[in-house]
Amino acid sequence: MRVSARLSEQVGALLLAAALAAAAPAVAEAPRRVVSINLCTDQLAMMLAAPGQLLSVSHLATEPQTSAMVEEARAYPANRGQAEEVFLMHPDVVLAGTFTARQSVDLLRSLGIEVVELPPANAFSDIPDQLRTVGRALGREARAEELVAEFEADLARLKVDLPPARAAMYYPRGYTTGSGTLADAILRHTGFSNVAAELGLDGGGDLPLERLVMAQPDMIVTSSPYPGASRAEELMDHPALQAVRAEAGSVEVSDGGWICGTPAVLQALEVMGEARRNLAAVRLTELDGSR
Amino acid sequence: MSLLALENLTVRRGDCPVVDHVTFTVSPGEVLGLIGPNGAGKTSLLRAAMGLLPSAGRSSLAGLAPRVRARAAAFLPQAREIAWPVDVETLVMLGRVPHAGRRVTAADREAVTRALDRMGLAGYRQRIATALSGGEQARVLIARTLAQEAPLLLADEPVAGLDPESQIRTMQVFQSLAAEGRAVVASIHDLGLAARHCTRLLLIARGRLVADGPPGVVLTAANLAEVFGVRAYYADTPDGPVFQPLGVTR
Amino acid sequence: MRYPLLLLALALLVVLLFLLSLLVGPAALGLGESLRALVTGQGEAVVLVMREIRLPRAILGLAVGAVLGISGAAMQGFLRNPLAEPGLVGVSSSAALGAVIALQTGLAASFTLALPLSALAGAAISVLLILGLAGPRGGALALILAGVAISALAAAGVALILNLSPNPFAAMEIVFWMMGSLADRSMTHVALALPFLLAGSALLLTLGRGLDALTLGEDAAEALGVRLGRVRLLLILGTALSVGAAVAVAGTVGFVGLVVPHILRPLVGARPSRLLPASALGGAAMLLAADVAVRVIAPDRDLKLGVLTAIVGSPFFLHLIWRMRRMEA
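Protein chains in written order, with the UniProt record's numbering: chain Y, 1 to 291; chain Z, 1 to 250; chain F, 1 to 329.
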């Protein structure tokens with residue numbers, strides 16, 4: 001016992017030292033010129049950056065359909081994530097997603113620019129990690145800790161304790177998200193179970209309309225439409241889907257709160273929590289009516 | 001009563017007339033040979049007479065409604081087109097299009113049989129037309145115009161490319177049509193065949209009608225030298241007129 | 001008397017494939033259960049699947065296939081060229097361009113008929129171009145080259161418009177417009193397209209006698225009392241109506257109008273008039289079969305119809321070119 005305690009003490013000390021060593025340069029000198037080229041790092045950077053520190057965010061950050069921080073993003077020049085334009089901004093640090101165009105990231109690295117890459121978040125527990133990672137990259141650890149604390153408190157507050165109602169995410173072209181995704185976590189946190197996960201889908205994928213209809217969900221979650229026309233979105237007007245919606249509850253959400261592992265998921269949690277409580281109320285009145 | 005009347009029929013290609021004020025009439029019982037060198041305007045004349053080519057002047061056929069015209073005159077184009085591998089009977093039956101209602105009648109079948117018999121094609125009914133030899137195809141296409149059973153047949157080079165037997169037989173078919181009170185107008189390059197089988201020849205040069213009359217009147221040495229640039233032997237024999245070009249004159 | 005038998009056999013095949021199309025789908029439904037739901041309307045979700053998802057899909061498969069078959073047969077008859085086909089000569093892609101313009105300008109959203117009408121206009125313009133460029137004889141080389149040029153231009157137009165669309169999904173749909181699909185079509189689409197499809201086929205079916213006579217060439221046909229101008233006009237209208245509406249709801253599905261008349265021609269004694277109804281049935285059968293196949297091969301993905309018809313059709317196309325070359329030589 002004592003041996004293992006001492007061992008863990010030593011390990012702890014080692015880890016602390018490593019952490020300090022890692023943090024040391026950031027403490028010593030926070031980067032002055034930061035460019036983000038990914039929708040999710042855009043939003044984390046805008047939350048965390050000191051005034052003047054963030055030079056540019058990606059053009060997606062100002063897209064109302066995808067971004068949760070459109071207003072804030074308008075204050076920054078937009079970039080399209082190409083190595084040439086990013087390099088000409090002379091950044092100290094570039095923030096990118098792991099799915100950002102590989103060539104751009106490799107080229108920037110070969111030009112001697114530090115690139116911090118963030119993987120997509122698949123669970124709520126990823127969110128504090130990502131806040132801290134970006135906080136460290138920007139030399140804003142303290143601000144990151146504040147946001148983490150705030151986030152964790154809100155997360156607990158928004159937990160809905162109702163028996164799970166069966167919800168299906170249904171996006172244009174029949175795209176849906178199954179288990180192991182942030183969207184799945186949002187549903188489970190707000191009193192829903194995920195129909196796509198129930199049908200065996202892991203990660204994102206297409207759900208044929210007939211299988212959705214046969215699953216008879218209690219709630220259909222769709223996203224707000226883009227301008228212009230597409231067959232993918234035309235599917236949302238399919239009579240069969242409308243019939244299912246008429247039976248089930250239905251909520252249209254903006255993607256901003258669902259895509260990125262940022263505290264913006266709280267917006268999604270609020271919307272879904274309210275939808276779940278409304279569903280409960282409707283069901284109760286229906287039951288009353290039938291008596 | 002004439003079967004075809006042309007009055008100053010004129011066809012222009014640009015400013016240049018290819019058929020120039022041609023006037024003649026065709027009466028029942030005539031086998032009319034349209035002769036002239038290459039490019040004289042024989043094909044244009046026949047097409048314009050049918051109303052298939054815009055023209056000035058008058059053709060008694062051109063003004064008719066298409067269905068009515070198709071019953072007044074049959075037309076055999078120079079190009080021997082058979083687009084699809086249909087059988088001979090089907091192809092000849094196309095001659096009944098101007099007559100037919102929705103269904104094929106006994107009269108249609110009889111007309112087809114008569115046409116096939118006339119062209120010596122009785123055994124060819126079920127043969128695929130596109131698989132026949134060029135000469136056989138030509139005879140099948142003539143049979144199609146016969147099945148139309150119109151009082152007048154306009155044929156553009158009907159015997160070109162046929163073997164001597166088929167040429168003679170075809171000309172004899174035309175003569176038998178004339179004997180029934182119908183008429184044939186056929187453009188023809190073989191002047192010997194024309195001289196023997198036509199009741200009347202029309203000589204065309206540069207779009208103009210140069211001579212019109214019985215073979216002996218049209219095929220004069222002067223006309224031949226002037227229009228064709230040839231000299232020829234021509235004699236009336238017990239076997240009928242004999243015509244043989246002998247040499248060129250220019 | 002073999003001809004009525006052929007039509008009967010083809011009709012039976014179409015009925016069978018229509019039923020099969022109703023029974024195949026990603027949701028595994030029992031045979032009895034699904035047919036009962038379709039007919040009686042009992043069983044909530046199953047009825048929705050059968051009546052709102054599979055029935056419109058099967059109806060469109062039948063109707064779109066029929067018009068593709070018949071318009072191929074009609075164009076071939078008119079141009080006297082077995083290579084003429086709405087997909088190959090660019091009529092379908094031009095219709096797609098028309099449809100995409102109507103969708104992306106918002107015209108289709110503001111008035112419903114704009115979509116089929118715009119596709120129809122695209123198709124009509126390309127038929128006019130083809131008849132003009134390929135000439136009255138419709139020589140194989142001129143026809144195919146004109147088709148290549150028109151297809152390329154229309155496809156570029158479709159890609160350009162969809163790439164410039166503010167909608168991120170639009171650009172992904174270039175492949176739909178190029179390859180065609182019947183996935184997720186609804187009764188709304190049936191109602192939109194069916195009147196045009198029926199009117200177009202009806203016009204094309206009246207061309208039989210004229211096309212028969214055209215076997216002998218234009219002069220002979222005209223001399224037989226066929227009004228060529230009228231035949232040409234009806235062909236343009238009929239093709240535009242049917243191909244336009246088909247493409248507006250199903251994208252461009254190639255080769256149906258090539259393969260079907262090619263297979264059926266010997267069976268109808270090569271008569272263009274008999275080929276028209278037979279090709280309508282054959283086209284319906286081919287498209288229904290292709291649409292069943294895409295659902296069997298990849299139940300959860302939207303495999304495009306044109307992929308299958310091209311795999312089946314291209315060898316036919318090559319075979320035809322080979323045979324024509326041999327005949328010319």
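These are calculated hints, taken from the structure and not from any lab test. Any given hint could be a false lead.
What the hints assert, rightly or not - Chain F side only, calculated, beta carbon under 10 angstroms to chain Z, not exhaustive:
id: 1; residue: L16
id: 2; residue: E44
id: 3; residue: S165
id: 4; residue: P195
id: 5; residue: A221
id: 6; residue: G225
id: 7; residue: G269
id: 8; residue: R271
id: 9; residue: L275
Unchecked claim - So these bits of chain Z aren't anywhere near chain F, every CB distance computed over 10 angstroms:
id: 10; residue: C16
id: 11; residue: V68
id: 12; residue: F75
id: 13; residue: E81
id: 14; residue: A83
id: 15; residue: W84
id: 16; residue: T90
id: 17; residue: E110
id: 18; residue: A111
id: 19; residue: L132
id: 20; residue: N223
id: 21; residue: P241
What the hints assert, rightly or not - Computed spacing ranges between beta-carbons, pair by pair:
id: 22; chain 1: Z; residue 1: A56; chain 2: F; residue 2: Y3; range: 19 to 29 angstroms
id: 23; chain 1: Y; residue 1: E29; chain 2: F; residue 2: A298; range: 30 to 40 angstroms
id: 24; chain 1: F; residue 1: L7; chain 2: Z; residue 2: R58; range: 18 to 28 angstroms
In this text, a Cβ means the ideal position worked out from N, Cα and C, and glycines have one as well.
* How about F/G269: closest beta carbon in chain Z under 10 angstroms, or not? -> 6 angstroms, holds
* Check the following: the C-beta atoms of Z/A56 and F/Y3 are separated by a distance inside 19 to 29 angstroms. => With Cβ atoms ~47 angstroms apart, the hint is violated.
* Can F/P195 be said to touch chain Z, with a Cβ gap under 10 angstroms? -> Because about 26 angstroms separates F/P195 from the closest Cβ in chain Z, which is outside the 10 angstroms limit, the hint is violated.
* Interface restraint verdict for F/L275 against chain Z (beta-carbon cut-off 10 angstroms) -> Because about 9 angstroms separates F/L275 from the closest Cβ in chain Z, which is inside the 10 angstroms limit, the hint holds.
* **Exclusion check [Z/T90 not at the chain F interface, CB over 10 angstroms]** => 6 angstroms, violated
* Asked: Is the nearest Cβ of chain F still more than 10 angstroms from the Cβ of Z/E81?
  -> 4 angstroms, violated
* Regarding F/L7 and Z/R58, is the given constraint of 18 to 28 angstroms on their beta-carbon distance met? -> 48 angstroms, violated
* **Minimum Cβ-Cβ distance from Z/L132 to chain F exceeds 10 angstroms** => Correct as stated: the minimum Cβ-Cβ distance to chain F is 14 angstroms, above 10 angstroms.
* To do: Decide, holds or violated, for the assertion that all CB atoms of chain F are farther than 10 angstroms from the CB of Z/A111.
  => 14 angstroms, holds
* **Whether Z/N223 stays farther than 10 angstroms from all C-beta atoms of chain F, as the label says** => 30 angstroms, holds
* To do: Grab the minimum beta-carbon distance between Z/P241 and chain F and tell me whether it stays above 10 angstroms.
  => 32 angstroms, holds
* Asked: Taking C-beta pairs only, is Z/E110 more than 10 angstroms away from all of chain F?
  -> For Z/E110, whose nearest Cβ neighbour in chain F is about 19 angstroms away, the distance exceeds 10 angstroms, so it holds.
Violated hints for the displayed structure, listed by number in ascending order: 1, 2, 3, 4, 11, 12, 13, 14, 15, 16, 22, 23 and 24.
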